[in-house]
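Undergrad: So the protein sequences, as listed, match chains A and B. Heads up: the first sequence begins at 692 in the working numbering, then just goes up one per residue. Heads up: the second sequence begins at 692 in the working numbering, then just goes up one per residue.
If you are wondering where the hints come from, they were derived from the structure by calculation, not from laboratory data. Check the hints yourself; a few may be wrong.
Pairs involving identical chains hold if they fit within one copy or between any two copies, as the list cannot separate such chains.
[Said to hold, decoys possible] When the alpha-carbon atoms are kept at most 30 Å apart in a straight line, the in silico DSSO-like pairs for lysine-lysine are as follows:
id, residue 1, residue 2
1, Lys723, Lys761
2, Lys766, Lys713
3, Lys736, Lys723
4, Lys766, Lys702
5, Lys761, Lys736
Letter by letter, the chains look like this.
Number of protein chains: 2
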Amino acid sequence: MGVIGVVATMKVQAGKEAEFEKVFKDLQSKVKANEPGCLQYDLCKSKSNPQTFVIMEQYESQEALDAHGKSDYFKAAFPALGAVLDGAPGLEFLDRID
Amino acid sequence: MGVIGVVATMKVQAGKEAEFEKVFKDLQSKVKANEPGCLQYDLCKSKSNPQTFVIMEQYESQEALDAHGKSDYFKAAFPALGAVLDGAPGLEFLDRID
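In isolation and in its complexed conformation, chain A is listed as follows:
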């Protein structure tokens, strides 16, 4: 199996954008420090809708993606992110074609 991509789309409540960015960037720093199998974990903001954020992710394997979701820091960030989101994240799981 090859590289796995994830495009996660998150709509944030109006006025909560800065709080979302703060919580997410703390999570991002922990992912980059602890997950060599995470090849990409980029936070992006929509140009057309400032409340919509998109995370572009890639993992070297399904095991690396599973480890990402099971980490203590990921589980800890979830309630803080959930508190500022407007609805559930949209998750698209992908196989990269090399």
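Since the structure of chain A is already known, use the hints to place chain B on it.
TA: Coordinates of chain B only, in the frame set by chain A:
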């Protein structure tokens, strides 16, 4: 201005997946050979819908994104891609937050 991300979602007509991949990978090789300002141009296929492809793209500047769209090989690939797509591509333009 910082890095620009693009998530392009393309639904391909049933039975045309291999043709789409062939045309896209030829375009991808030309992008990688000619566009130093294109930082990422990854073709991915949805795990949940085998007719849905997602291209994860990043450009170092708006100028690099503009140059991408104006290249002769991009313009040449467009009719061939359009012939196998099921509807217009979905394009999300993003600012990467570093």
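Undergrad: Each hint should be assessed against the structure and marked as holding or not.
TA: For each hint, the structure was consulted:
Taking CA atoms no more than 30 Å apart as the test, Lys723 paired with Lys761 passes inside one copy only; the shortest distance there is 15 Å, against 35 Å between copies. Taking the closest pair of Cα atoms, Lys766 and Lys713 come within 30 Å of each other only inside a single copy of the chain (16 Å); across copies the shortest separation is 40 Å, beyond that limit. With identical chains, the CA atoms of Lys736 and Lys723 are at most 30 Å apart both within one copy (19 Å) and between copies (25 Å). Only within a single protomer do Lys766 and Lys702 lie at most 30 Å apart by alpha-carbon distance; the minimum there is 19 Å, versus 33 Å between protomers.
In this assembly of identical chains, the alpha carbons of Lys761 and Lys736 lie at most 30 Å apart whether taken from the same copy (25 Å) or from different copies (24 Å).
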